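Trainee: Generate coordinates for the entire structure from the input sequences, incorporating the hints supplied.
Chains H and Y are the protein sequences, given in the same order. Under numbering that gives the first Met the number 0, the first residue of the first sequence is numbered 0, with each subsequent residue one higher. Under numbering that gives the first Met the number 0, the first residue of the second sequence is numbered 0, with each subsequent residue one higher.
No lab work stands behind these hints, which were simulated from the structure alone. Nothing here was measured: the structure is a model prediction, and the numbers come from that model. The C-beta atom is built at its ideal place from N, Cα and C for all residues, glycine as well. There may be inaccurate statements among the hints.
Taking lysine to aspartate or glutamate and the EDC-like style, the derived pairs with C-alpha atoms no more than 16 Å apart in a straight line are [unchecked claim]:
#1 Y:K89 - H:E277
#2 Y:K89 - H:D39
#3 Y:K34 - Y:E73
Some residues of chain H that are not near chain Y, with every Cβ distance over 12 Å (derived) [stated by the list, open to error]:
#4 P72
#5 D103
#6 V111
#7 A200
#8 E259
#9 A263
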Amino acid sequence: MKAELIDTSASTVRNELIRMCQKMGGLTTGVVLNLIIMTDEADQYDAMRAGTHAGREHPCQILGVIARAGRRPRRLDAEITVGESMPGQTVLLRIQGELNEHVDSVVTPLLVPDTPVVIWWPGKAPEAPAADGLGMLGQRRITDAAADEAPRKRLLELAAAYQPGDTDLAWARTTNWRSLLAATLDRPYAEITEAAVEAEADNPSADLMAAWLALRLGVPVHQEVSMGPGVTGVSFLTADGKIVISRLDGRNATLSRPGEPDRAVALHRRDTDELLAEELRRLDPDEVYGETLAILATSQTIAASEE
Amino acid sequence: MSNPLRDPRDRRIPRVAEPSVVIMFGVTGDLARKKLLPAIYDLANRGLLPPGFSLVGFARRDWNDQEFVSHAYEAVREHARTPFRDTVWKQLSDGMRFVSGEFSDEGAFDRLAEVAAELDADRGTGGNRAFYLSIPPGQFPVVVRQLERSGITDSKDGHGWKRVVIEKPFGHDLTSARDLNDLLASVFQPQSVFRIDHYLGKETVQNLLALRFANTLFEPIWNRRYVDHVQITMAEDIGIGGRAGYYDGIGAARDVIQNHLLQLLALTAMEEPVSFAQDGLRAEKQKALSAVQIPEDPLTETARGQYAAGWQGGIPVPGFLAEDAISPDSATETYAAIKLGVDTRRWAGVPFYLRTGKRLSTRMTEIAVIFQRAPHLPFNATDAKELGQNALVIRVQPDEGITMRFGSKVPGSAMEVRDVNMDFAYGESFTESSPEAYERLLLDVLVGDPPLFPGHEEVELSWKILDPIEEFWRTNGRPEPYLAGTAGPASSDAMMARDGRAWRRL
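Mentor: In structure tokens:
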């Protein structure tokens, strides 16, 4: 069921939402979280779609907010969708003019009460997410450093502003890699003296992974630039030789260990909806991300290859 | 040496199985095709199997590795729950091997041992082996002996773990259960024997533990002061299908009540475990099962039936006695209901009614905790006439979730109270991406995490509950016929009626 409200107010949107939910049989009951997506006209389709997909795993109310720039009169438009293609409900809000300064006043009345709030900025995000008017509402604030023109600088910015509850999709992109690396070191290995992460230029996931390895292993971690896509390899230098995982096509990885035949491992790059679903699985602060960011900001052990 | 990349706080990194070989017997069977092979693929697809994970199939078919891989491929394409990815398939199929032979063939088991040793060398599986016996229990002794003889289960040199996985039935009475256990214990460590009860791998069953022990809302009323009785039901709409050989002489009680329903009873009735580790959980389940009181008069406190020809869901179906390979005078029950007590301070006087049957009107498994009526209703007698008893229902399948039934005012100008249902389902489509029970259990086997598997003591206690009832049935008449597609025999309803209660409608 869909409805479109032009030049409206938050309370009208809320009343319409309740009316539609009742008509559909009270769907609010199953919602486990509020997901606010701060996006723009160009990205909204992909962002809302990823949100809807993630909503299949975590039934949520999605509030998409498009802040329209430029000197325009104050106005709020809303598109409400209830019970189509996912559990829960979706509201896409377009705001302009003065309202851009008061997004929280529009969003707050629409939240499902006493239910966690997660905010996701698929593109540009405030410099300090937790200090943002809307960011303050969220248990979890999801940014994406890869969407920034200068990802490394952006990560340092996020590190400086880090508050528990912050998280970044560039970090979620490392999960499969990190999981494979952890599984690799579940088996006996000789002492590691150095490590290296190889990725295409300006890849924030590589920065985070290198920092994480430095944090966990306490050895120098080098970063090398390759043609991509994404992260293309991680290696550990041990007393017995090199343990290498390389992935040149974004799907298939090869694991080599000293004295053993190479082994094929599936390691595919994931879509945004999978990353988002991972983010929504836990709503408590990701301490390991916080520590990794801190290392990234301070550590001298990472010899960045960029000039 | 602890792994520096693992950090308990880093909960994005999943529990990944150790490098290991799963050696599967009965790999051409239905269970392997529909559940086990797809579950292995799904685990791999979720990134939960380590590089080097290997699977060896053992069966009579004259297959080579490639034919086994294509058998597994078809099973995965047809039954896996996660999308198919050829990269994942490549990783998995690289480690698949097949050994062809009879269970009596020593040469075949020697080849199996060689294949396992090769995999250890080639794929770094480090001697970690899980033997999955998806075969009739009659074959266990010969297979276990062969495994021992071939040296493949040898872990004396400290070279990797050896685990064995068996499915129900865990014997058919106390004596045979002990024999089975002695057999397994002669080769495997007790903590390396994993008895799969796939119900315990289901999300809702685990959710029962969360519901009871993570909340303050339910535990205070989870006792005889508030609970009137508990009904645990597993209804099936199918007949015995191709399981005639196994089912005849076993019957519904041994097939379902002994394992699934008594496990559900134990989880419902047990006290809070000190921890959810294996020892804590098993200790409480054992206590609950050992407190179970069996019927004093089985004639009035049990019921059994056998389905007769009828209509099931709009299709005419044959009666049990007319099924293939069932003897026409078989006294095997296809429906069983029993009333049990749990002699503890918490449950004294609260009956637990267990029922299961085949060819019933629908397929449904649930635990229903039915509460006492309010001691006083401050309404006119007619106002609350339609108010029943409050109930908390844990729906195990097919529609996993929790239902709460309570009284609510009917909208309108008059005060009228009637029952309403409040439903909790963690997202309508959540179940589609949530792991299948076998996935969870297989991973637990490979990680070596046994809390969800019933221990040998629980199996013995369950037989102690069931054996006297079976003995009574054996010596007292025949099961009562009931029409296929109905809710079971009249004697079962009469059993409830004697207590002034009724079964929840299926």
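Trainee: It remains to establish, for every hint, whether it holds in the given structure.
Mentor: These are the hints, each one checked on the structure:
no. : hint           : result
1   : Y:K89 - H:E277 : violated, 25 Å
2   : Y:K89 - H:D39  : violated, 40 Å
3   : Y:K34 - Y:E73  : holds, 12 Å
4   : P72            : holds, 40 Å
5   : D103           : holds, 27 Å
6   : V111           : holds, 14 Å
7   : A200           : holds, 25 Å
8   : E259           : violated, 6 Å
9   : A263           : violated, 5 Å
The earlier numbered hints that this structure contradicts are 1, 2, 8, 9.
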